[in-house]
Amino acid sequence: MNHRIEGVGTNRQSLIARKMLTYNKRQFTENMTGRTIAMLCAALLVIVVLSITYFIASKGLSTFFVDGVSISEFLTQVKWDPEGEPALYGVFPFILGSFLVTALAAVIAAPLGIGAAIFMTEIFPGFGKKVLKPVIELLVGIPSVVYGYVGLTLLVPFIREQFDVLGFSLLAGGLVLALMILPTITSVATDAIEAVPQDLRNASLALGATRWQTIWNVVLHSALPGCLTAVVLGMARAFGEALAVQMVIGNTTKLPGSLLDPISTLTSGITLNMGNTIQGTPYNNALWSMALLLLLMSFVFIMILRFLGRKRLVK
Amino acid sequence: MSVLTMQDTIIKTNNVSVYYGEKQAVKNISMDIERNSVTAFIGPSGCGKSTLLRSLNRMNDLVPSCRVTGSIVVDGIDINSEQVNIESLRQIVGMVFQRANPFFKSIYENIAFAPRFHGMTDRRELDELVETSLRKAALWDEVKDRLRDSALSLSGGQQQRLCIARAIAMQPTILLLDEPASALDPISTMKIEELVMQLKEEYTIVIVTHNLHQAARISDKTAFFLLGELIEMDETGKIFTSPENDKTEAYISGRFG
Ligand SMILES: Nc1ncnc2c1ncn2[C@@H]1O[C@H](COP(=O)(O)OP(=O)(O)OP(=O)(O)O)[C@@H](O)[C@H]1O
Ligand SMILES: [Mg+2]
Chain A
-8 MNHRIEGVGT NRQSLIARKM LTYNKRQFTE NMTGRTIAML CAALLVIVVL SITYFIASKG
52 LSTFFVDGVS ISEFLTQVKW DPEGEPALYG VFPFILGSFL VTALAAVIAA PLGIGAAIFM
112 TEIFPGFGKK VLKPVIELLV GIPSVVYGYV GLTLLVPFIR EQFDVLGFSL LAGGLVLALM
172 ILPTITSVAT DAIEAVPQDL RNASLALGAT RWQTIWNVVL HSALPGCLTA VVLGMARAFG
232 EALAVQMVIG NTTKLPGSLL DPISTLTSGI TLNMGNTIQG TPYNNALWSM ALLLLLMSFV
292 FIMILRFLGR KRLVK
Chain B
680 MSVLTMQDTI IKTNNVSVYY GEKQAVKNIS MDIERNSVTA FIGPSGCGKS TLLRSLNRMN
740 DLVPSCRVTG SIVVDGIDIN SEQVNIESLR QIVGMVFQRA NPFFKSIYEN IAFAPRFHGM
800 TDRRELDELV ETSLRKAALW DEVKDRLRDS ALSLSGGQQQ RLCIARAIAM QPTILLLDEP
860 ASALDPISTM KIEELVMQLK EEYTIVIVTH NLHQAARISD KTAFFLLGEL IEMDETGKIF
920 TSPENDKTEA YISGRFG
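If you read the protein sequences in the order shown, they are chains A and B. The numbering used here numbers the first residue of the first sequence as -8 and each following residue consecutively. The numbering used here numbers the first residue of the second sequence as 680 and each following residue consecutively.
Check the hints yourself; a few may be wrong.
Distance condition first, Cα-Cα at most 30 Å in a straight line; then the derived DSSO-like pairs of lysine-lysine [unchecked claim]:
hint	chain 1	residue 1	chain 2	residue 2
1	B	LYS870	B	LYS815
2	A	LYS120	B	LYS702
3	B	LYS815	B	LYS879
4	B	LYS702	B	LYS691
5	A	LYS302	A	LYS50
6	A	LYS302	A	LYS70
7	B	LYS784	B	LYS823
8	B	LYS823	A	LYS302
9	B	LYS870	B	LYS823
10	A	LYS50	A	LYS70
11	B	LYS784	B	LYS917
12	A	LYS302	B	LYS784
13	B	LYS691	A	LYS121
14	A	LYS120	B	LYS784
Computed footprint of chain A on chain B; a stretch qualifies when at least three of its residues, placed anywhere within it, have a C-beta under 8 Å from a C-beta of chain A [unchecked claim]:
hint	segment
15	773 to 780
16	819 to 828
17	838 to 847
18	866 to 880
Away from chain A, derived, C-beta distances all over 10 Å, residues of chain B [said to hold, decoys possible]:
hint	residue
19	ASP801
20	LEU805
21	LEU808
22	THR811
23	ASN890
24	ARG934
Think of the hints as simulated: they come from the structure by calculation, not from any bench. Just so you know, even glycine gets a beta-carbon here, dropped at the ideal spot from N, CA and C.
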């Protein structure tokens, strides 16, 4: 046999050596094809994301660089009158509204969602896993217009009668959003709590801790980054929600004095004004600037989530 | 002094059987465990060593299908009677598991965990207790400069000693160790063995082990289990040199198990 391969070895080694140096044609082609398809998809995705960002940024920034509105006035002024003489582009009421309604939703939904997650995993795991969890996952998929409609027909009249006000309000928006993000928070928090090793619960109980001490100090403590992730995910969804909110908050650009006053948000501001504007006008560009703000906020949410994700790995 | 007499029994089990559902995992076990001694449980896998150990601090209560019959008396009290407070019982009868399971907290917080729950709030007192517990677990010198670091930054052997220190910090009377060294390297194992021999000055220790040499080295009494039954329990020296029962003989000479 003279299967000698240069620089590799003697005849005795040559069979093995040959095998090591041989490509399997099919494996090779498959591998290359797979890699090419994956790269193309990734490239396409990057291009789409970059062009959307570029598009929104170029439109949004022309408010400041073409139409000459000052950035600080845009962000801090409280008067929104784009069709007035002179036109006023103060979007602070929208920004404030978005943050208030999101914060309110989170304050209501976070304890409820995490509480429900504890109930399903620690207190009634059987019932929780078989009945509650699927139901909650189903709720995640309900379209937001349904939540808005429920808010409009039940919540707004209820608030109107209870407090003798208009009904369309920050409170209504916060409640509708809370209801909407509750399933998200519950289901993500449930996964986080379930991922806490059983060993830790046993260790705690074996040290003479009660069940509640164990849930509070060991289970929740270990699942904290996951629970925060759940809340931030919920907040991101709430911040970007347009339809459901718009149906119940009243959409005035006056600054709210209380929970019962009507407000506007960035999203509802955009959707409601969009129809009145013409491409390229300062009014239209101002709406794009608001969209740019939303985009920046979603980057912030993503950064927070990444940070939390890393934290979860480190501990 | 009665403490010095050999008849000072701290745990007395009488006809203890443990069932998982219909299946009987532990069968009619009666044994006495002496104060400040090391008792080793040996026997092939699945013979019920862990099950019996877990019923000594009622960790089996956590398994819904589990039922314990017979009586387990610790220091004169039947631990399964209704008046017994389970948290206090587990504080008296501490337990360390096979796999080290430190909390996702700092070294300090791991040790301070139980004392805090049992009402210790004074900072200085806690600091002191953390130090003495770590010293007793032969870990102090290795961690004294990094008490605030995560417990998960410790090596496997250190984590297991941390778990022992954590149990010691609740000032138990009895320590149950379920194969505490089975996942460790020889040096860590040796450290744990030395530790056990020191700890018996202060605590009564029951240790499950698959390592017969370990049982022979560190225990005063050895109990051999087979298929849920207690085959033989005696002075360790006797079990390993001239056991009464043929099955014990067969097991320790490596003919099965
Ligand atoms: N939670 C449980 N549910 C049902 N059966 C169990 C449970 N835990 C243990 N068993 C059964 O009880 C018997 C004794 O188990 P145990 O864990 O006490 O054995 P062991 O002697 O500790 O074994 P090993 O040396 O492998 O740890 C086994 O047959 C096991 O299958
Ligand atoms: Mg076992």
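Hints versus structure:
1. LYS870(B) x LYS815(B): Satisfied, since the Cα-Cα distance of roughly 12 Å is no more than 30 Å.
2. LYS120(A) x LYS702(B): holds, 27 Å
3. LYS815(B) x LYS879(B): Since the Cα atoms of LYS815(B) and LYS879(B) sit roughly 11 Å apart, the hinted pair holds (cutoff 30 Å).
4. LYS702(B) x LYS691(B): OK: LYS702(B) and LYS691(B) at ~24 Å, within 30 Å.
5. LYS302(A) x LYS50(A): With a Cα-Cα distance of about 36 Å, the restraint between LYS302(A) and LYS50(A) is violated, given a limit of 30 Å.
6. LYS302(A) x LYS70(A): violated, 42 Å
7. LYS784(B) x LYS823(B): Holds - the C-alpha atoms of LYS823(B) and LYS784(B) are around 16 Å apart, at most 30 Å.
8. LYS823(B) x LYS302(A): holds, 25 Å
9. LYS870(B) x LYS823(B): Roughly 18 Å between the alpha carbons, so the hint for LYS870(B) and LYS823(B) holds.
10. LYS50(A) x LYS70(A): holds, 22 Å
11. LYS784(B) x LYS917(B): violated, 44 Å
12. LYS302(A) x LYS784(B): Given pair LYS302(A), LYS784(B) holds - Cα atoms ~13 Å apart, limit 30 Å.
13. LYS691(B) x LYS121(A): violated, 42 Å
14. LYS120(A) x LYS784(B): The given pair, whose Cα atoms are some 29 Å apart, holds under the 30 Å limit.
15. 773 to 780: Holds, because 5 residues of the segment 773 to 780 of chain B bring their Cβ atoms closer than 8 Å to Cβ atoms of chain A.
16. 819 to 828: violated (count 0)
17. 838 to 847: It holds, with 3 qualifying residues against the three required.
18. 866 to 880: Three-residue rule not met by the segment 866 to 880 of chain B, so violated; n is 0.
19. ASP801: With a cut-off of 10 Å, ASP801(B) remains clear of chain A, as the shortest Cβ separation is near 19 Å.
20. LEU805: holds, 15 Å
21. LEU808: holds, 14 Å
22. THR811: holds, 17 Å
23. ASN890: holds, 22 Å
24. ARG934: holds, 35 Å
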